[in-house]
Every structure is written in structure tokens, then in C-alpha cells.
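**Q** In case you want the letters, here they are:
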Amino acid sequence: MKNEQGTILHVDNVTMRFGGVVAVNGANIRLRRGRLAGIIGPNGAGKTTMFNLISGVYTPVEGEIRFKDQAITGKSPDEITHLGISRTFQNIRLFEGLNVYDNVKMAASCRSEYSFLEAILGLPKVWKLEREVASEVEYYLDLVGLSGYEKVWPENLAYGLQRKLEIARALASKPELLLLDEPAAGLNPTEVQELMEIIRHIHKELDITILLIEHHMDMVMSICEELWVMNFGAVIANGDPESVQQDPEVLKAYLGS
Amino acid sequence: MVKCLLLQQIINGLSLGSVYALIAVGFALVFSILKFSNFSHGSVIMLSAYLGLWFSNNFNVGLLPTLLVCILGGGTLAVIIEKIGFKPIRDKEGPLIYLFVVSIAISMFLQYLMTALLGGRFFIYKPLLKTSAWRVAGLTIPVVNLAMLGASVIALAILLYVLYRTTIGIAIRAASTDLFTPNLLGINIDLVVSVTFFISGALAGISGLFLGMSLNVYPQLGGLVMKAFIATVIGGLGSLGGAVIASFMLGLLETMITAYIGGAVTPMVSFAVMILFLLFKPEGVAGLLGLSSGTTTQKL
Numbered sequence: 001m002k003n004e005q006g007t008i009l010h011v012d013n014v015t016m017r018f019g020g021v022v023a024v025n026g027a028n029i030r031l032r033r034g035r036l037a038g039i040i041g042p043n044g045a046g047k048t049t050m051f052n053l054i055s056g057v058y059t060p061v062e063g064e065i066r067f068k069d070q071a072i073t074g075k076s077p078d079e080i081t082h083l084g085i086s087r088t089f090q091n092i093r094l095f096e097g098l099n100v101y102d103n104v105k106m107a108a109s110c111r112s113e114y115s116f117l118e119a120i121l122g123l124p125k126v127w128k129l130e131r132e133v134a135s136e137v138e139y140y141l142d143l144v145g146l147s148g149y150e151k152v153w154p155e156n157l158a159y160g161l162q163r164k165l166e167i168a169r170a171l172a173s174k175p176e177l178l179l180l181d182e183p184a185a186g187l188n189p190t191e192v193q194e195l196m197e198i199i200r201h202i203h204k205e206l207d208i209t210i211l212l213i214e215h216h217m218d219m220v221m222s223i224c225e226e227l228w229v230m231n232f233g234a235v236i237a238n239g240d241p242e243s244v245q246q247d248p249e250v251l252k253a254y255l256g257s
Numbered sequence: 001m002v003k004c005l006l007l008q009q010i011i012n013g014l015s016l017g018s019v020y021a022l023i024a025v026g027f028a029l030v031f032s033i034l035k036f037s038n039f040s041h042g043s044v045i046m047l048s049a050y051l052g053l054w055f056s057n058n059f060n061v062g063l064l065p066t067l068l069v070c071i072l073g074g075g076t077l078a079v080i081i082e083k084i085g086f087k088p089i090r091d092k093e094g095p096l097i098y099l100f101v102v103s104i105a106i107s108m109f110l111q112y113l114m115t116a117l118l119g120g121r122f123f124i125y126k127p128l129l130k131t132s133a134w135r136v137a138g139l140t141i142p143v144v145n146l147a148m149l150g151a152s153v154i155a156l157a158i159l160l161y162v163l164y165r166t167t168i169g170i171a172i173r174a175a176s177t178d179l180f181t182p183n184l185l186g187i188n189i190d191l192v193v194s195v196t197f198f199i200s201g202a203l204a205g206i207s208g209l210f211l212g213m214s215l216n217v218y219p220q221l222g223g224l225v226m227k228a229f230i231a232t233v234i235g236g237l238g239s240l241g242g243a244v245i246a247s248f249m250l251g252l253l254e255t256m257i258t259a260y261i262g263g264a265v266t267p268m269v270s271f272a273v274m275i276l277f278l279l280f281k282p283e284g285v286a287g288l289l290g291l292s293s294g295t296t297t298q299k300l
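So the protein sequences, as listed, match chains A and B.
Residue numbers for the first sequence follow my numbering, so the first one is 1 and each next one is one higher.
Residue numbers for the second sequence follow my numbering, so the first one is 1 and each next one is one higher.
If you're looking for bench data, these hints aren't it; they were derived computationally from the structure.
There could be a bad hint or two in this list.
Said to hold, decoys possible - Think about it this way: if two alpha-carbon atoms lie no more than 20 Å apart in a straight line, the pair counts; the simulated PhoX-like pairs of lysine-lysine are:
no., chain 1, residue 1, chain 2, residue 2
1, B, Lys-87, A, Lys-75
2, B, Lys-92, B, Lys-130
3, A, Lys-75, B, Lys-92
Here chain B stands alone, though its shape is the one from the complex:
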């Protein structure tokens, strides 16, 4: 029984970690080319959760069509935020801190906008999956957790393919060294930035849907971007591989602590780990594993 419970927690921890990984990778992608922590990423998650809810309720469709809408919606939203909020600052070559502050302001604005429009209450997805839980050998595994894990792994695999095998992916990686040189080699930087935001938003859209399904939808849902922030710091800022590994570690750690010690302690431990990494291993998991070449390891 104890073993079963542990196994169940591990599966839950991995699926939580996989959503953190989706958010963290989107967050780290933008960081790697524009060098700022984009907190408006949280509002893309939150709005995608509302979008998915509205779409699945109104059109009475299942998981896959809703997922597709969330991917496209999240990506589009992130591009719109970039064009309105960040591009004008980039064009004027404003300091990075402006981008950072604007991203926080946008996230706050959208959170309060949704509160004003729909109130602070929780909205609940109608069941998008036929079964809610699988019972196997004494284990109870929520199917949404498995779907979350599966979708995240597939999304990350596609991302890896795009970044390493396609022209636009190589351009994104080139742009993480600096934006000036690729431009002089014939690359349209605005296009690279837009595609990066689209990918980042699409990943946020996937996580928004699954977070909405498992935690319900409310204006503060985007606050979970903080977990991704912790994961990117622990992973080593700017390193995608590090962010993914750190996300799974964080998911497991949080699930274990919640199960065996108590939920009240969990966030405290997560932040404590982040502080310890910054103090003693600022290059993060990526630095520990020697993952740094591949993406930039520029510091904040």
C-alpha cells in the first residue's frame, strides 16, 4: 500500500513536472533571445484556459479540438502581446528592465481585466475525457495527468525537432547569441522573434488547457508561471535542457512534499531551493550537467 502510494505520487509528480516543463521552456525560449523574464507568459496560460473552456462548452467538442484551439490561441496571443508591449521598446532599443516591467504590468492588467469581466470565481471544464481515473493494481491515476504528461512530452519532442532540424529553429538558436549578427546575415529578426513568441505561447496554451482542466479556471491561474520561473533559474537561465530537467525535479519534489509533509510547506521549499541554487550554483542544473553549449548561459 505504501509502495503503491509512492508510485502514484511519482506519476503525479511527473505529470505536474511536465506541465511546469512546458511553461518553463516557453519562458526560457523568450529569455534566450530577448534576455528578459517574460511574466506576461502567465496571462497567456490563464487566457488560454478561459479560451479552451469557452470553446469546449460552446461547441461541445472533446479534448483534441480544444487542445488545437488552445495551441493556436495561445500562440497568437503571445505574438499580439509582443507586438503591442515589447516591439515598440525593442525598436527604440530601450533597456531590458523596461521589457521586464512591461511584462509584469501586462500580466497584472490581464488578470484584473478577467476579474472585472467574469468575476473572481472558478469556472469548471465539463469532462473532456471519457474516464476520469484509471485504477490499475491498487493505483488510482487521474487520466488528465496522463494526458498532460503525454501531450507535454510530444510537444517538447516537436520543439526539439524544430529547434535543431529546421531553418527557423537554427535561426532562433543563432538569435540567442545576439540579434544584430543574424540580421546582417539576412535574417528577418522580427520574424524570428514572432515565431519564438508563437511557439512559447503555443506551449503556454497547452499548459493552460491542462491546468484549467485539473485546477479549474480563475484569473490568478497565470500565477503558476512563477513555478516556471523557479524551474528556469534552477535549470540555469536560458538553457532549455536545464529548464526541462529542473521542471520535472520541481514537480516531483512538490508532489512528494505535499503528500508526505503538507501543502503549506511546498512553495516555501521550492523558493528555498531556488535561492540555494542562485547562491551556490547560479549556472543551475545545466551548469552541473555541462549542458550549456546549445543555448546561451547569459546571466540576468
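Only chain A is shown next, with the shape it has when bound in the complex:
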């Protein structure tokens, strides 16, 4: 298939089945580099499955996914992360045995290229890389407003802060494409406002592509430049928020008429 200029992610006719259930059905997504875009749709529409396919948790039964013009179908999640995709989770998944700092450091140091033996011996190269990692961790914590929480255990953080920590951790692996799975779920209106600011800021400051799944329509309509609407595993509409809102298929899916 011919590449469109500036497309970072191609999802081509992707289908995923679990037993007899079709979770994603021949879906197509072309995501342009630098976009802040969203996937919306009723519960069970296949949105999270789509994220799981892109991040390598599942391998599609049909179709192909390409990232930066490279096929990533069948690659393992860690390989895909190294290529430049990282994500957060619908149900927060932080490392409970690690403090806030180490949670982010974990993701940041995946790129550190030194061996186990070098690390144990504490070679100068390791110290230099460790210092770089330390300043990166501080940068990402600051970006989401978590400076000062370094030594706190994640389970002791307020829910809204745990969400922010997940975003900082995802950013620490320096993705070119960031997938946010319902980042505003469980947040109160003030926190949602704050989160929107953070997402906009990250998008501008780091110059990355962001794809998010969200149920808060206000948020989606105000920050996303482009939307895909999914229903029963299929992509039923695509376009800017205004046009998608008026799409008859979308209205039917949401109002159930």
C-alpha cells in the first residue's frame, strides 16, 4: 500500500476475534504525525482492543498495523515500545513496589544501553547514563505536575495524581506516539480540566502524536483535532469533531435508534 505523506500509524483492515466474538472488525485508521486525535464509541465497541493490537498485546487475526512505515504486527510489546509507541491503561497499572521516582525511572532506563555486569561493577559509563536518566525523570514528573512526590508510594497518591504518574511513566520511554486509554476516567471536573491542559501542553512541548480513548465528550470535542468513532468493532466514522458529531451513523450508535 502506498504511504501517505506524514502518516505515522496505519491500521489496515484489522480484525481481532476472541473465540466467536469479533472485537475489532476490519478497522482502518490513518493517523497523521503530530495529531492529537481520539477514538470514541460506546462500551464494548473495541476501542481498548484496538490499543492492545497497536501496542502488541494481541496480534490481529487479519490485517496489518504499520508504525513509521514498518510492519509491527506480531512484534512483542517491548519491541513496539522501543520503536516509539507507549501507552497508559484504563485501569491504572502502577508498580506498587516502586516509589514514584522509580516508576518513571523504570521506563526511562529501558533505553540505557549497558549490561548487567557493567551495572554491577558500577562503571563510569553507567553513572553518566544514570545521571541523564535522573534528569529525564525529573523533567517528566515536572511536566505532569508531580515534582516533590518522588519518594511517595504510588498507592498513597490521590487517584488523579496516579493518572498523571501513568502519563509521566509512558512519556519516559520517549514515544513518538502516545496512546492514552481513558485518561480522564474517574476524575472530577476540575481534574479533567487540569488533565486537558497537561495533554495539550505535552502535545505542544514534546511535539508527539497522541491518540486517546475517552468517554468525556466535552474533553474529546475540545482537545482532539480528529476523531474515529467505533461501534461493534468497526470504525463507523472519521473526521474532525464537528463533522463526526453530526454524522447520522454516529448519532444512531449513541442514541441507539
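Since the structure of chain A is provided, determine the placement of chain B on it from the hints.
**A** Using the frame of chain A, we list chain B on its own:
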């Protein structure tokens, strides 16, 4: 004289406890990431004891080179067992009970393999240390016990450094929450599991050498993993700090009971303590001391 004897027992108890701690920490490390009790750990101890014996006899070397060989050999062996016995089950996302049962089967298989190859007899290390005992102020302290204590403490200190200060150590601790999330953050889980097994096997290698030196080498030597199992349960399953403290407690308790009541009672008391903990304090020493954050406290 009575005081001297007590002091001597305390030193013996601590050195026994330190070996239990080495075994228990290796055992607890694997438990913390894969959530099953790995009884094949005992066969790594037993085979390392044979390896050390063969190496020191054939190459006529002292304690340190033998120790190094046991560390590398034990670590490698544990990784091989993981790749052959556990990885295929993990890849198919088989239930945890399969891993547990396979670990018992592997340990039995290797025990009978060694019996078939070399017979059930005892092999004795040639003296690896220049002096066998120190006599200080009326005390007689076996040097092997001191070496055991020293090596264990150093190994545990290195482990602590690796777990808390290095990337791979933080990855191991992250993997104890769950294996799925670190993978999605770019961590190669198979590598983390392999390194964990290597560390666990290396610790088993150290304990194998010292147990072989003090108890001689025989196919059932790996049965001592049961002591580590008791210590990890008393310590609070999955907690490394708890396992270390419980190991020293267990070592002291066993030495005291053997010295003052009699060896026949010792194992009975150890298991009784384990049952009491499970009934009344299942979160173990770690729970009592509030050590739980740091590693997982997931139950069996």
C-alpha cells in the same frame, strides 16, 4: 563454660541462618515475580555442591575459585531449568499450579538422576580452608561457619545493591507487581525472568558449596530447600526482607533446640512455627514489621 557454649551456639545459629537466608532469598525472588514456590531450587543447591566438589578435587584449587564456579554454575543451571521447565508453560499462560508441580518433578528427577549416576553415598570435600576451627577464649568456632556467614552477608549486600540501585534490579521489582505492564513499557520480560533465575541460582550455588563442605554431598542435599520454604512463609511470602530475618530466626532456633533439647525435635518445631504463622499471622514477619511495601505481599 555455659556462657561460652551459648555464645558458640549463637555463632553457629547465625551461620546456619545465613545459609538459610541465601536459599530463602533465591526462593523468594522467583516467587515474587512468577508467584509460585520453586522447589527445583533445591536441585540447584545439590548440583552446585557436586560441581564444587568435582572442580576443587580435579583442579586442586582453594575456596575462592570453587565459590566462583559454584556461583556461575548455579546461576546457569537455574536459567536452564527455567528455559526447559517453566518458560514453555509461561508462554502458553498455563496455570501457576503447573509451574509448581513441574518444579517438584524436576527436583525429584535430578535427585534420582544423581543417585543413579553416582549412588546414594556421601562425598566429602577435601579441606578448602587452611584451618578447620578457631579456638578463641574457650570457644571452638568452625571456620567454615564463619566463611559461610561472611559470604552470605556479602552476597545479600550485593543483591540489595542490585535490586535497589540498578536498572535490572528495579525491573525485577517492577515485575513483581505484574509481568504484563513492564512488558508494555519496553521491558523484555524473558530477560528479567532469566536474570532473576540467574541471581537465584547463583545464591543457591553459594549455599550448595557451603552446605556440601559442612554436611558432605549426597543426592538429598537439596531437601534443605524445605528450610528456605519455611523461612519464606514465616517471613511473609514474597518479602525478601522478611525471608532474611526469618532465616536467621530459624537458624538460631534450630541450633538452640538441637543443642539443648535434641536434634530429633528440631524439624518438628520448625514446621510447627510455620503452621502457627500461617494460622495466626499469614503475612509473616514482614507483616509484623511493616516491611511489605518494597516487594509484593501476594498470597499463594
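**Q** What are the numbers of the hints that this structure violates, sorted from low to high?
**A** Structure breaks hint 2 only.
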